[in-house]
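> What follows is each chain in one-letter form.
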Amino acid sequence: MDKICFEFGIELDDIVEAEPPSTGVEYKIDIPANRYDLLCVEGIANALAVFLQLKGAPELKRYEPEGTILETKVLSSTAGVRPYIVTAAVRNVNMTKGLYDSLIDLQEKLHHNICRKRTLVAIGVHDLDSLTPPFIYSAVKPQDIKFKPLNQQKEFVADELMEFYQKDTHLKPYLHIIKDKPLYPLVSDSKGVVLSLPPIINGDHSKVSLATKNLFIECTATDLYKAQVVLDTMVVLLSEYSDRQWETEATRVVYESTKKAHLYPSLEYRSEVVDVNEANRTVGISIEADVMAKSLSRMGLDSSVLGVDKINVKIPPTRHDIIHQCDIMEDVAISYGYSNIIPQLPPAATVAAQNSLNKLTSQLREIVAQAGFTEALTFSLCSMEDECEKLLQPRQEKEKVLARIANPKTQDFQVARNSLLPGLLKTVHANKRMQLPLQLFEISDVVTLDSQTDTGARNVRKFCAIHYNKTPAFETIHGLLDRVMQVLEVKYPEDYRLTADDDPTYFPGRCAVVEYRGKRIGKLGVLHPKVLQNFDCNMLCSAVEIEIEDFL
Amino acid sequence: MQKPLTERILAYLEALEASGSVSSLKLAQEFKEDHQKVIGAIKSLQSLGSVIQTEQDSINTLQVTAEGNLIIENGSHEVVIYKKTPETGSIPLADLLSSVSETVGKVGLSKAVQLKWIKVESNAVSRVVTSVVDTIQQTLKEISAGSSNATEETLGDLRRRKLISASAQTYLIIRRGQDFTLNIEKLETELTLDILNDPDYEKKVFKPYNFNALGQPVKAGHLHPLLKVRAEFISILTEMGFSEMPTNRFVESSFWNFDALFVPQMHPARDVQDTFFMSVPANCNKVPGDYMEKVKKVHMDGDYGSLGYKTDWKEAEAFKNVLRTHTTAVSARVLHELGQQETFQPVKRFSIDRVFRNETLDATHLAEFHQVEGFVADRNLSLGHLIGVMREFFRRLGIDQLRFKPAFNPYTEPSMEVFAFHKGLKKWVEVGNSGVFRPEMLLPMNLPSDVRIIAWGLSLERPTMIRYGIDNIRSLVGPKVDLQMVYDNALCRLDKQ
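Those protein sequences? They're chains A and B, same order as listed. Numbered by the UniProt record's numbering, the letters in the first sequence go through residues 1 to 552 in order. Numbered by the UniProt record's numbering, the letters in the second sequence go through residues 1 to 497 in order.
Just so you know, these hints were derived from the structure itself, not from any lab. Each hint should be verified, as a subset may be incorrect.
Claimed, not checked - DSS-like cross-link-like pairs, simulated, lysine-lysine; straight-line CA separation at most 25 Å:
{"#": "1", "chain 1": "A", "residue 1": "Lys409", "chain 2": "B", "residue 2": "Lys320"}
{"#": "2", "chain 1": "A", "residue 1": "Lys117", "chain 2": "A", "residue 2": "Lys409"}
{"#": "3", "chain 1": "B", "residue 1": "Lys207", "chain 2": "B", "residue 2": "Lys43"}
{"#": "4", "chain 1": "A", "residue 1": "Lys109", "chain 2": "A", "residue 2": "Lys146"}
{"#": "5", "chain 1": "B", "residue 1": "Lys84", "chain 2": "B", "residue 2": "Lys106"}
{"#": "6", "chain 1": "A", "residue 1": "Lys109", "chain 2": "B", "residue 2": "Lys310"}
{"#": "7", "chain 1": "A", "residue 1": "Lys141", "chain 2": "A", "residue 2": "Lys181"}
{"#": "8", "chain 1": "A", "residue 1": "Lys314", "chain 2": "B", "residue 2": "Lys310"}
{"#": "9", "chain 1": "A", "residue 1": "Lys491", "chain 2": "A", "residue 2": "Lys359"}
{"#": "10", "chain 1": "A", "residue 1": "Lys117", "chain 2": "B", "residue 2": "Lys43"}
{"#": "11", "chain 1": "B", "residue 1": "Lys111", "chain 2": "A", "residue 2": "Lys398"}
{"#": "12", "chain 1": "B", "residue 1": "Lys314", "chain 2": "A", "residue 2": "Lys117"}
{"#": "13", "chain 1": "B", "residue 1": "Lys106", "chain 2": "A", "residue 2": "Lys359"}
{"#": "14", "chain 1": "A", "residue 1": "Lys117", "chain 2": "B", "residue 2": "Lys320"}
{"#": "15", "chain 1": "A", "residue 1": "Lys470", "chain 2": "B", "residue 2": "Lys480"}
{"#": "16", "chain 1": "B", "residue 1": "Lys296", "chain 2": "B", "residue 2": "Lys320"}
{"#": "17", "chain 1": "B", "residue 1": "Lys162", "chain 2": "B", "residue 2": "Lys207"}
Chain A with its partners taken away, still in its complex shape (with noise of 0.2 Å):
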């Protein structure tokens, strides 16, 4: 089983005893995001055997009843809330608990999925006896909107509805979808009815049981084409237990504004012609048109052979990831079996070169480390705490340099951070029972808004490092400084040279500024023992940090 799901593209994660009442094992099996044709065991279980070829691949029809068509009037009025709807039927259903089960959980696993929680396409399946079509899509009035909805004992007034649900952890995280809009989408039939209150709940009376026969299928959206694709994927699973299997009747949706109307499910079968030459090539296999042809029937694709070089593929209604050619060349490599491909290595000859900020960032890296000092590896986000108030810079003044983040999960994300020193002090912290004297640095990249760059903000390579002891030691951290610039050929005084500076994060007196050829890269000093307080840290402290772009 392992083996067979692994070469189909699936993943049995695991295999687990069920749970009471069920007997037996489960299979848990993990679904590519775009097979929505898997996403029911149905449908794993066809998509298998068929490429196992115990079957071959089932062939979906769209029937016209006889008698009068089943119809959906589309209202003006919902083209503000939840434009689209498309609908089907399917009769003659032999309704088991299996069936009933898998329609529920496939329903919900495609409005997790592919219906972006219910955002994009609503589904509601009903007992189709029990309505009077035709049927009226539709957007009202909350407050003149009243219906008994799905398992509940009363009517509501869909506002108080809206209120009731507010506690329902099912349903809540739904509701924000039409809550505010002022008219709300509701399916209905020709006595009024109430099918369903999209994308919210379905009403009470069209609930389908274990009794139900004839099934009627609504799918409301503000996408159309995925509608089209959750429809679809909804009347395979049921039409497969229909008595007339595999077929599913047509119904037709009219749009008050165009007057259009609209045949659905469309369970459209669409051709692409395959160059057998092109496919070979791509996959790195060379198999005749006929093998070819009948590899893709395993996947569900039938296909035929058409001239020389030249395959037919029929694509059905199932297999809507299917865009592409190459998506088409991609199950001929499944077919053939990724482990039957001969590898081997791309022809051409390239000559490699590193990064020069890389390769100039790994040297010196290498000279900070001789020099004694440890390589800390720190994150790029931080907290606006941490490059401001912490280092006793103002918070005005950092605002105009750092990049902020929308939508951090905590405040520890809420910046990129400008500057490497907090990164080193909380490893300091988180390292105090180190033997003394810590000496640490690390060279790698923060973030500086800059408007010339097309995204507003541009990365900015530093230097920082830090010596920690009872005594700040800054003699130890000039040297290193020194040792860098010499190892760059930065001649001291013609290329750099300290002058002092006032700055808050360092001790007053106890700081300069590093100029490069006339240009300001960067600080050292002795830091203010109320920064280090700030991070926790009760020994003393000096370090240097400057960017190391303009050595380059």
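Given the coordinates of chain A, assemble chain B onto it according to the supplied hints.
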């Protein structure tokens, strides 16, 4: 002045017959020295080579407990009580008890009464006998000195009163060695320049060196383990002909991070739950215009033989800045540049840098991690080439057993997840993702239609944690790093198992 203990021990052996032996306990008694000091002296004689021979043995000895030692000092509890009782007359019981410690009072009183030394009448205590002998104290003194002849019954009584305890004592038995001498010279501990200046230095004898201990830890700086692994990856990839891409660009537009890669605008990865969006700078200010139009068309209506996503595509969505969720955003920029060249040249490129995910954090997931990414662009590349590159790359990481699973990824097709057999866990684990970039991504960039690009990506943290057996990512990356682990970290030799 008394001679050093070592010399006194040698003299003692000299006085014995040649094969005679003596125990360290006996020596301690003879010399009236602490046993441990005698052991120390014997050890230093041992270090001279074969001056003496030793063997180890042990006996059960009796030790006087702390309470017993108090009795040696002050007398037994019953004697103390007896002495506190006046020679004539009586003392109120309460006064007597308050003048001694609780133990002495409790035990001493009942023992003294039991021995009929004193009597208690209507809460007053008076003597019964005129003198007593403190046999307990005497016996304890003898035991302490190692010269007791006390009967088992007496010892049992003392043990019950917890005044003595029995324990095994280790001691040494020594006899003359084959180089036995009385003249032990003072040994030199260290070779110094002064010694070399002494004309007789060759005659000096040096204290033997203890090779059974560790040397002094060196003072050194250290590189970070993860970046040591990165350095190895960089050499492997450059050896394989891959050039490094400039990835110093954490803030990226949604356009390059998603849209250019044919990731639909409604894709869950573009949700605020998964991606960090920027508030400042919230939007990017430009995207190459005609290129963006092509991207928009292929998303909305399809193009280049693709149906597209048949859904709306908003420029405003593409302009939203994010913290890049993968370095593939940089690959997209590099490939777009490649598409603008006059003539196409095959390239191999790689990058290793930080990427960001607004994820729920746990022992193996952080909000940022390092992504290793590589691609080969050439005409007519195949899935077979991708498998070949993967096998070669992972072989150099020391991973030979690979298998490939079909997978889905919005910007590659065919796609495959790479699984490696983990020898420790004895199961297949996912180690990377790979695929052939989709035509919907490449053709809007103006790349020739027969150019295929095979690409793959993996995290740097995961193989590093597996290589060094690290369970919690926080002890590897970030400020909570265990510096001792950094200090002790081995060379990164990925090919060595």
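> All hints, please: hold or fail.
Results for each hint:
no.	hint	result
1	Lys409(A) - Lys320(B)	holds (19 Å)
2	Lys117(A) - Lys409(A)	holds (21 Å)
3	Lys207(B) - Lys43(B)	holds (13 Å)
4	Lys109(A) - Lys146(A)	violated (29 Å)
5	Lys84(B) - Lys106(B)	holds (14 Å)
6	Lys109(A) - Lys310(B)	holds (22 Å)
7	Lys141(A) - Lys181(A)	holds (9 Å)
8	Lys314(A) - Lys310(B)	holds (20 Å)
9	Lys491(A) - Lys359(A)	holds (22 Å)
10	Lys117(A) - Lys43(B)	violated (80 Å)
11	Lys111(B) - Lys398(A)	violated (83 Å)
12	Lys314(B) - Lys117(A)	holds (20 Å)
13	Lys106(B) - Lys359(A)	violated (82 Å)
14	Lys117(A) - Lys320(B)	holds (22 Å)
15	Lys470(A) - Lys480(B)	holds (22 Å)
16	Lys296(B) - Lys320(B)	holds (15 Å)
17	Lys162(B) - Lys207(B)	violated (46 Å)
Violation of the numbered hints given earlier is confined to hints 4, 10, 11, 13, 17; the remaining hints are satisfied by the structure.
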